[in-house]
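Asker: Starting from the known structure of chain A, fit chains B and C onto it as the hints suggest.
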Amino acid sequence: MKATLKKLYVLLILLLLYAPIITLVVLSFNASKTRAKWGGFTMKWYASLFRNEQVMNALYTTLLLALLSALIATLIGTAAAIAMNSMQAKIKMYFTAVTNIPMLNADIVTGISLMLLFLAIDATFGFPTVLLAHITFNIPYVILSVLPKMKQTNRSVYEAALDLGATPAYAFFKVVFPDILPGVIAGFFLSFTMSLDDFIITHFAKGPGLDTLSTKIYTEVKKGIKPEMYALSTLMFLTVLILIILVNYIPNIQKEKNLKENTRYEKGMVH
Amino acid sequence: MKNKKNLLAFPYLLWSAGFIIIPLCMIFFYGFTDKTNRFTFANVVSIVEGENLKALGISILLALIATLICVLLSYPLAYILSGSGMKQSGFMIFVFILPMWMNFLLRTLAWQTLLEKNGVINMILHFLHLPVLNIINTPYAIVLGMVYNFLPFMILPLYNALSKIDPSVIEAARDLGANSFQTFVNVIFPLSIPGLISGITMVSVPALTTFVISDMLGGGKILLIGNVIEQEFKQANNWHVGSGLSIVLMLFILLAMGLTAKYDKEGGSYF
Amino acid sequence: MKKAWFTKSLLILAVLGILPLIGCGSAKSGEEVIVYNWGEYIDPDVLTSFEEETGIKVVYDEFETNEIMYPKVESGASAYDVICPSDYMIKKMIEHDLLQEIHLENIPNVTNIDPQYMNESRQFDPENKYSVPYCWGTVGILYNKTMVDEQIDSWSVLWDEQYADNILMQDSVRDAFMVPLKLKGHSLNSTDKAELEEARDLLIEQKPLVQAYVVDQVRDKMIGNEAAIGVIYSGEAIYTQRENPDLEYVIPKEGSNIWIDSWVIPKNAPNVANAEKFIDYMCRPDIALKNFEYITYSTPNKAARELIEDADIKDSPIAFPDLSKCPDLEAYLYLGEDADAMYNELWKEVKSN
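Chains as they are written, first to last, in our numbering: chain A, 308 to 578; chain B, 2 to 272; chain C, 9 to 361.
Check each hint, because a few of them may be wrong.
To be verified - With a straight-line cut-off of 30 Å between C-alpha atoms, the simulated DSS-like cross-links for lysine-lysine are: (1) A:Lys344 / C:Lys201; (2) A:Lys344 / B:Lys118; (3) A:Lys458 / B:Lys118; (4) C:Lys153 / A:Lys533.
Quick caveat, the hints were computed from the structure, so don't treat them as lab data.
Extracted from the complex, chain A is given alone in its bound form:
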């Protein structure tokens, strides 16, 4: 009884979260161009999607941007979080404050302030400026994911390793790193997702000819979202879903190793 209730509850929340997703998936098969009317079932948007060079370019830019910015942000952010854990209170305060700023500012403020900076140094607006901007708003997500894990690590184990003659680097990678890895992975994925979704900051940091999916969607709003966008979102969503299912359920070939990695991977999702 109790277990059923629990399941029901989880299901209800899932319904809330997935109702709009289902709506979008349905819309991607709508023959009518407007979201307000059902014009019959069609697959044509999926066909025209791949012929649409602009959308394909935007997809490429978006993914590359998300990947690079998440990677770099993870490196910088993880390093910073490790250092922050053992900092004197005063210096740490600076870092905590700085980390919170991009999260506190309205996106449009961050976007315009970065644009002003890029203007001041006379940079050419394009992919590099957008990348810089994305790394900037991604780092805090990494730090916020890693820092709590860092706090939970047991210092004495690390110190014991040092006492036993391990170099700090060795001790770190053997003792501390496995503990914070879930946080690092979570930070990476969160960054990736954030980068994928951002519009306003990208808009102000980008130059002509460069488009991400978000900027394309926003400019399309004036004349109506093209159904190809629903199709693309559906595909992206399904891809990720299938990937996750594969990672979780594929029979374990290297049983033990896989099991170990799996648990780590799962933990990575948890933050």
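Answerer: Chains B and C alone, transformed into the frame defined by chain A:
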């Protein structure tokens, strides 16, 4: 040793100086000058003007309600998931952030399709001969949009905190004669406070500054402080007032976070 | 303490030193033209055919509103060759010395543009020196004949209580104020404080009847029978009627707004000659026709209109109203910063009420 570790924060120090502090200074510069570049407090003080103050008030109210609902929805969920001991619980958690892979604007647009007078939900209700739901273009729809969009930010840290609790601590409490309720109040809840605080911050801040949700689900009839700032930047082209109001908003959030951080420390002392 | 400051400034300088390296990315290669246009405001095939015919590569960028376009151009953040702003924004750009004169002799196809639109353009570009019209339209009322029994011909219907919660208003300052200003017989470019306050009071009075303030969603909501009456651009009306035949578009008798989006060349354009070729191409009748069919916004191109095969559209009073018989139509003008601030302030009072 300590100094060496601090070196790890060096890249972030550079980064934050260049891409966070300097842009922030620019916002402060705009916020405290007028169009002729003369120093003024007028932009910051304009927060107490009737409409701005009202917008801030409504924003705080709606953000608080949305955060509260997020807590109420997420806590049981995170509790169920963390206690399930399922191997798939990590996978389940991922299922809860998966919706973020669909573009934010598209998801919010989908809620419009769901909630409208002739929308999907009402069609279903009508079919079942139930009274129709009329919340589109009201504050309720805005709160729903906020809860929907920011719920994952609450689920993740809560789950993280709850799943970190050592089962032996709970067992110990039981052994010492505590019932389920007592165990929860005295052991589990205090240990989850850091996650709770983190979740509250991650939900309330974007809820406080949003303008897209209020535009799309509120029918543009409810002006939030985010809308005011956005309007100053985008429609009125008045970066000075926009910056001034952003500064106020930032101070406001910092203040709130300072308070929670204090509480966080007290909570942490349970440990 | 002092030393800390010194290191800090050094750090900042170091960061600044790295940044200019970023600029090295885009190498100039071959001929190109950088176009900045509204989103979804051109037939993509037209861009491809332009590239094929001229060998000039089109670097295409899109904006969402005039206001978001303006700071990018003003700041010089990106140098564009051709931009497509609206009337009042063109005037503002002229006044802020951001545009260069277009040498019309390099644009032979400009003769295809109906002179009456060149005439209308004089409202914001007095000597037709800076802009070449691309699209135009009016603002009017779209209503659903199954939900409205009467023949609508006046803005006053937007204050009629029987349509409570069935009215869609435009969520932009000028379009919103245009309605009560016109209703009361004022100019939609009024800067008179008393007139504007009267308009504000009318908008506040109307607010309880309004279902939503929206920009682009009027279209979808009207198609989906969400509302009975909406304020909309004429270009959208053609599209919505196609999707939902119950909809009817009128320009109210008190008069309304006529808007024109035109091609302009900014002062800092790197490829002026290519920009002219691009504008000329856009004025070619077959190309203008293709764009019209794709975006359904009225074309000022006389020769293109002649090519339209469907007589209903060719003579559509919505797409091509006879301007001489229309009620009083005015273009928005740039009113200066003080007036802009006043409009925004009053609009904020409406929205927060």
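Asker: Give a verdict on every hint.
Answerer: So, going through the hints one by one against the coordinates:
1. A:Lys344 / C:Lys201: Judged against 30 Å, a Cα distance of about 44 Å means the pair is violated.
2. A:Lys344 / B:Lys118: holds, 14 Å
3. A:Lys458 / B:Lys118: Answer violated: Lys458 of chain A to Lys118 of chain B is near 50 Å, above 30 Å.
4. C:Lys153 / A:Lys533: Satisfied, since the Cα-Cα distance of roughly 28 Å is no more than 30 Å.
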